[in-house]
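Read off the chains here:
Protein chains: 2
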Amino acid sequence: MKKIRVGLIGFGTVGTGVVKNILSNGELIAQRTGIRLELARVADIDLKRERDVKLDASLLTTDACKIVHDQSVDIVVELIGGLSPAREYILTALRNGKHVVTANKAVLSKHGLEIFETAREHNVEVLYEASVGGCIPIIKSLRESLTPNNILSIDGIVNGTSNYILTRMQQDELSFSAALEEAKRKGYAEADPSFDVNGTDSAQKLAILASLAANSWIDVDEIYVEGITHITQKDIAYAAELGYSVKLLAIAKFGADWVQARVHPALVPGDHPLADVWGVFNAIYVVGDYAGEMMFYGAGAGQKPTASAVVADIVDIGRNIKSAARKRVSSLPEVAMAKRLVPMEEIETRYYLRFTVIDRPGVLAKISAILGENNISISAVTQRERHAESAVPIMALTHSAKEASIRAALSKIDSLDVVKDKSVMIRIEGGE
Amino acid sequence: MKKIRVGLIGFGTVGTGVVKNILSNGELIAQRTGIRLELARVADIDLKRERDVKLDASLLTTDACKIVHDQSVDIVVELIGGLSPAREYILTALRNGKHVVTANKAVLSKHGLEIFETAREHNVEVLYEASVGGCIPIIKSLRESLTPNNILSIDGIVNGTSNYILTRMQQDELSFSAALEEAKRKGYAEADPSFDVNGTDSAQKLAILASLAANSWIDVDEIYVEGITHITQKDIAYAAELGYSVKLLAIAKFGADWVQARVHPALVPGDHPLADVWGVFNAIYVVGDYAGEMMFYGAGAGQKPTASAVVADIVDIGRNIKSAARKRVSSLPEVAMAKRLVPMEEIETRYYLRFTVIDRPGVLAKISAILGENNISISAVTQRERHAESAVPIMALTHSAKEASIRAALSKIDSLDVVKDKSVMIRIEGGE
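Just so you know, the protein sequences line up as chains A and B, in that order.
Read in order, the letters of the first sequence are residues 155 to 586 in our numbering.
Read in order, the letters of the second sequence are residues 155 to 586 in our numbering.
Please note that the accuracy of each hint is not assured.
Note that identical chains are pooled: a pair holds if it fits in a single copy or bridges any two copies.
Unchecked claim - Subject to a maximum C-alpha distance of 25 Å in a straight line, what follows is the list of computed DSS-like cross-link-like pairs (lysine-lysine):
id	residue 1	residue 2
1	264	481
2	157	481
3	208	520
No wet-lab data here; the hints were simulated from the structure.
Can you build the whole structure from these sequences, using the hints too?
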């Protein structure tokens with residue numbers, strides 16, 4: 155039986171889950187793999203907090219440096235999140251010849267290149283399955299099972315908080331703020347949910363997925379990001395009537411020498427597999443040139459699912475140690491391929507548009523004319539009868555059009571005196 | 155660049171896909187992995203058939219023995235299917251120190267133990283991702299990503315032909331035979347589709363999945379198997395009215411010392427992720443004690459998706475060869491765990507029942523009484539008004555009940571003189 159000594163930095167929710175998993179399922183893991191995981195040391199700045207797992211006090215420390223410099227530790231697990239000191243702990247551990255497992259999407263999307271290069275230099279590994287999609291093995295699948303494929307596209311629902319909010323808005327007609335408050339009460343949203351609802355969290359995850367799929371580093375700061383805070387219940391209801399679900403998507407598309415990477419809400423056709431991903435669940439829909447359409451679905455967060463992914467990474471490295479494999483799967487492609495990140499203005503997709511206009515003859519003609527001048531062709535249009543309001547909504551779905559054209563058209567339309575409110579634009583993804 | 159020499163036995167649809175993938179994406183694979191795949195030799199009994207890929211004639215042979223004994227071959231890929239001579243080729247290759255990749259569910263579900271033991275003995279590997287779910291990385295996920303989990307259940311739609319037929323029956327009201335004929339015309343069903351529609355194919359795949367999840371060999375011949383040939387459009391329509399989809403499921407459930415393994419059609423609640431898997435797609439829904447609910451979705455068959463899985467296995471072994479890893483992931487658990495296969499009579503689940511009765515007072519009371527005597531409690535019941543027919547249908551959904559009780563009750567009910575036809579029973583899965 156091969157013993158693997160694990161040092162844990164961060165004894166919070168996920169860290170506690172990892173400890174629980176090793177204690178409760180360590181025997182199962184040993185039977186399956188011939189590897190026995192041993193907790194060498196656990197560091198946290200707060201050792202007094204009540205945790206529902208008991209560890210020998212001698213294992214606990216407030217000093218993470220003791221772990222990254224511990225000669226006996228094979229694998230350092232970083233679960234404190236954030237950029238610093240996580241980055242420093244990871245780099246020091248790697249330089250000390252230790253493998254690293256992390257769930258930290260922020261540090262990877264920002265400092266991934268430095269971290270992976272340091273790992274390669276010191277002949278050790280960094281695994282990070284839990285950084286995207288909780289327990290879903292999307293990182294491993296992209297790094298290993300999909301190796302024979304040119305990845306054509308990735309569409310991910312990778313933020314459970316946003317998906318919960320959008321689910322409640324669509325299925326139960328809650329407003330954005332009511333759904334957000336409920337998500338907070340249920341523990342699905344943090345006290346400050348900004349990174350979840352403004353798309354930052356999704357963009358960090360997309361940077362990791364897109365970089366893997368493209369064999370080319372995608373800088374998280376260059377990803378176009380739009381959150382869901384401006385999505386109204388009204389637009390979700392109109393979209394549903396038209397047969398679409400509104401989802402916050404992390405989208406990447408890949409060509410021979412270019413990459414698109416963007417995060418924004420999107421109308422997804424009802425018959426698309428992503429349209430049926432509800433609540434806090436995550437799902438990543440991937441298209442490969444050989445595999446075709448695939449979807450990976452599961453819990454994107456939570457103590458136990460995240461712990462499952464972290465321990466799977468520990469076991470993965472343990473298997474390499476046991477079988478004396480070094481650099482079995484490259485963290486960076488053996489030959490990096492430079493790809494151009496397509497500016498948002500150049501993308502082409504379909505659009506949902508909602509105009510708020512005065513109910514007067516010729517308004518639709520004016521709007522249509524501006525769309526036509528910008529080479530935007532309409533595939534469906536609905537104008538509602540006026541009830542109490544002074545203005546009426548016109549909803550339009552477009553055929554595929556250039557983002558730059560849409561922006562130009564909307565700017566012109568919004569300056570018309572018959573248009574009473576800023577027009578709404580939500581992109582459509584996942585259709586023909 | 156590490157060269158890996160691949161010998162291919164079986165140059166049919168999937169074999170051609172593997173050759174195409176290596177030719178078209180070999181450079182991509184090399185850039186990602188530092189491994190160059192080389193086709194050493196390709197064997198097929200028919201070398202004259204038209205194939206849409208050109209190979210140098212010197213690579214082709216009709217004699218598979220040349221491949222399994224070729225000193226220069228690192229990995230033998232077996233794609234001829236069936237039990238013999240596939241088993242002999244695989245065993246000989248392993249004994250000659252070659253790794254094996256196969257897509258052959260029949261030989262693995264029947265001779266898997268022998269094959270895996272031979273591989274272990276000769277310190278080589280057998281990978282078989284393509285044997286279940288086409289391109290879906292379910293085998294790798296069970297063997298690696300889910301290692302920290304006690305797998306609690308697996309529910310798989312693993313036969314695309316059956317799922318296509320059931321989809322057309324549910325969505326377009328086709329009869330079973332019309333849907334089957336259409337599937338044949340479209341190439342989704344073979345000339346003899348018996349193994350697909352009678353559940354044999356699903357049972358072979360389930361044996362593989364359940365054995366992996368249970369760490370215990372499940373004999374395919376002991377799996378309860380019921381196909382879809384007796385499913386009528388009428389029952390699919392009634393199920394849909396009640397909010398259920400009918401799917402052919404490969405089901406395994408796991409306890410500390412027992413396993414359930416069964417293949418049969420089942421009513422799946424409309425809000426279950428499997429309910430939205432349509433057409434020829436496959437999906438495997440797995441519940442782990444840490445990961446929770448997961449679903450893996452993709453193309454379960456087809457030249458390119460299957461080739462993707464086969465080449466991923468080749469690359470996986472190539473990575474082990476390159477990094478000098480031996481026995482990195484055990485084909486068999488390090489410590490095998492004996493588990494009892496639960497007889498079908500002992501399972502407990504919910505049931506959909508349809509009785510065909512004479513429209514006469516007291517009939518429902520008689521049926522209810524028999525169900526009650528057998529401890530079967532009804533959760534919903536619908537009796538239709540009689541139209542032209544001489545008999546009327548009564549549909550009932552039960553709470554959880556023992557299979558033995560249901561069988562006893564149905565046998566008694568079917569002997570009532572007011573019951574005009576054999577009662578229909580379809581199990582319900584995926585609910586509370």
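Hints the structure fails to honour: Checked against the structure, the only hint that fails is number 3, while the rest are satisfied.
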